[in-house]
Amino acid sequence: MPAVETELPRATPAVTMRAAESAAPTGTETILSTRRLNAWFGRARVLRNVTLDFHDRAVTAVIGPSGCGKSTLLRCLNRMHETVPGAIVEGDVILGETSIYKGGLNAIAVRRHIGMVFQRPTPFPTMSIRDNVAAGLRIRIGRGPSRSETDEIVQGALERAGLWDEVKDRLRDHALGLSGGQQQRLCIARALATKPRVLLLDEPTASLDPLSTQTIEELVYELRQSIAVVIVTHNMQQAARVSNRTAFMLAGEMIEVAPTGTLFTNPRDSRTESYVTGRFG
Amino acid sequence: MLGMTYVAAIIATLPLLFIIFHLLRQGAAFLRPDFFTQMPNPVGESGGGMANAIVGTLILIGTASVVGLPIGVGAGLYLADRKGSPLATTVRFLSDVLNGLPSIVLGIFAWEFLVRPVGGFSALAGGMALGAMMIPLVTRTTEEMIRLVPVSLREAALALGYTRWRTSVSIVLRTALPGIVTGALVAVARIAGETAPLLFTALGNQFWSTSLREPIAALPLQIFAYAISPYETAHGQAWAGALVLIMIVLVISLIARYATRGRYAGSGD
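Sequence lines, in order, name chains L and V.
Using the numbering used here, the letters of the first sequence correspond one by one to residues 1 to 281.
Using the numbering used here, the letters of the second sequence correspond one by one to residues 1001 to 1269.
Just to be clear, a hint being listed does not mean it is correct.
[Claimed, not checked] Mimicking SDA-like on lysine to any residue, the simulated pairs with C-alpha atoms at most 20 Å apart in a straight line are:
1) V:Lys-1083 with L:Glu-82
2) V:Lys-1083 with L:Phe-41
3) V:Lys-1083 with L:Thr-83
4) V:Lys-1083 with L:Thr-215
5) V:Lys-1083 with L:Thr-30
6) V:Lys-1083 with L:Gly-86
[Stated by the list, open to error] With beta-carbon atoms standing in for the labels, derived distance ranges:
7) L:Ser-99 with V:Arg-1257: 36 to 42 Å
8) V:Arg-1257 with L:His-234: 30 to 36 Å
9) L:Arg-172 with V:Asp-1081: 28 to 34 Å
10) L:His-234 with V:Met-1001: 45 to 51 Å
Note that these hints are calculated values from the structure, not bench results.
From a predicted model like this one, the values you see are computed outputs, not experimental measurements.
Here a beta-carbon is modelled for each residue, glycine too, at the ideal position from N, C-alpha and C.
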């Protein structure tokens, strides 16, 4: 049963603790959307007719029990799903006005517009902190940015990722010398450096300690001012803390999407209610 | 039980210590500058050196590396990329068999197919035989090292907009490079002292020759020739030659160790 996109009024309910306090304007304009998206691993169908809009300058959380297809959904958005042997995608994803599966953009171009950060930090071990952040810049087609331009972009990206003050004196040091939480913020900076329009976070705090998790959550909360963020998480409190809208998935289907406060306090679907009240998952 | 393993561990190091000690005692006296700069004297005369054999061994190692490294690294990259394909499984199995092949068998084949058709022994044939011995060693270490690079790193590069090719070269290969270099050096150290394949191919040479088309002197062959001669002074030269050979292997192993330092210790996935 395909889920129906619910466009509820943007008024944020009081329950969305910090979203309510946010002074920053967040968008309602759709920047990325899926259209009857289906995905398979070999014969196993992991996504079933998912149709969903993601808003610009807003954080959308995708929650659901393990194996519900939320990570696969994320990986379909930047065409990473198809890099796995036997993986198949059907349907479409629209970025702005452009279809990313049916012509318009190739996979490489899509991934430059839609950045991604994974569960475990993945700094490139042979590169310094600076070179890690600049890694995505060098591979642009044509002339890359000059040294001073690169320095500027690296600083900007590290500042946005909230890491600049901690690493500005050791940009030439090995990236692996950073703590796990810092490495994850380095990966976020690396993804931001190419100026993507959307940032995908796949359980970005799953391998981090509580303090680092808090830092990343605050960072995600800040990022909504400038970019569209889609975060997959199995932690409902995290979804409640950082997102404007939350989508609930079950067995490959999009069950319900609503402003975060509404979804957690007044879900329309009984399955959503069972999940958010902790009856399964 | 722990006591017995302790004793076993000590005994395991004894052969090497004994060999080094004995070589130093027997051969060190002959390691004069002449040994490195002079040609061998006719058997029976004292003095002389092994300059041609030392240079010959280095040439053979170089030729073997030119043959063995590109093929070994290339095959290793293929195996790492196409883990489960029928061809990869076959290549991996055959490579392990080749690795266990007695070197004398390899020597006979090299003679049959590299020496006999061209009508003469040559450094090139020797280098190719040694190169063939290197291939399986380099193939397997390259594959192992590439596989140690976490998949998550490859994905991170792809997600950043890297092409597949670029990901393989500038992220995966670069991350695995220290390990591959180490594997290559270990393979070089392993073949540096091989004798059997050279008996049928490089043959040995009492004179100065650096030509790839001529028979060439090599330390193991020279050691063999001197050791089986009846003269005391020749025996001393043989011990000294063995000492030099061990030092070459030791230096290569130390470089390998050095290259491994600071190697990427992955997060385990």
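Against the structure, the hints:
Restraint check: the Cα-Cα separation between Lys-1083 (chain V) and Glu-82 (chain L) comes to about 19 Å, which is no more than 20 Å; the hinted pair holds. Proximity of Lys-1083 (chain V) to Phe-41 (chain L) is assessed by CA-CA distance (about 19 Å); at most 20 Å being required, the pair is judged to hold. For the given pair, Lys-1083 (chain V) sits about 16 Å from Thr-83 (chain L) by alpha-carbon distance, which is consistent with the 20 Å threshold. Among the hinted pairs, Lys-1083 (chain V) with Thr-215 (chain L) is inconsistent with the structure: their alpha-carbon atoms are about 40 Å apart, more than 20 Å.
Restraint check: the Cα-Cα separation between Lys-1083 (chain V) and Thr-30 (chain L) comes to about 42 Å, which exceeds 20 Å; the hinted pair is violated. Between Lys-1083 (chain V) and Gly-86 (chain L) the alpha-carbon distance is near 15 Å, which keeps this suggested pair within the 20 Å criterion. Checked against the given bound of 36 to 42 Å, the beta carbons of Ser-99 (chain L) and Arg-1257 (chain V), roughly 54 Å apart, lie outside it. Distance hint check for Arg-1257 (chain V) and His-234 (chain L): the Cβ-Cβ separation is about 44 Å, which falls outside the suggested range of 30 to 36 Å.
Checking the proposed 28 to 34 Å range against Arg-172 (chain L) and Asp-1081 (chain V) shows it holds: the Cβ atoms sit about 33 Å from each other. Judged by the Cβ atoms, the range 45 to 51 Å given for His-234 (chain L) and Met-1001 (chain V) holds: they are separated by roughly 46 Å.
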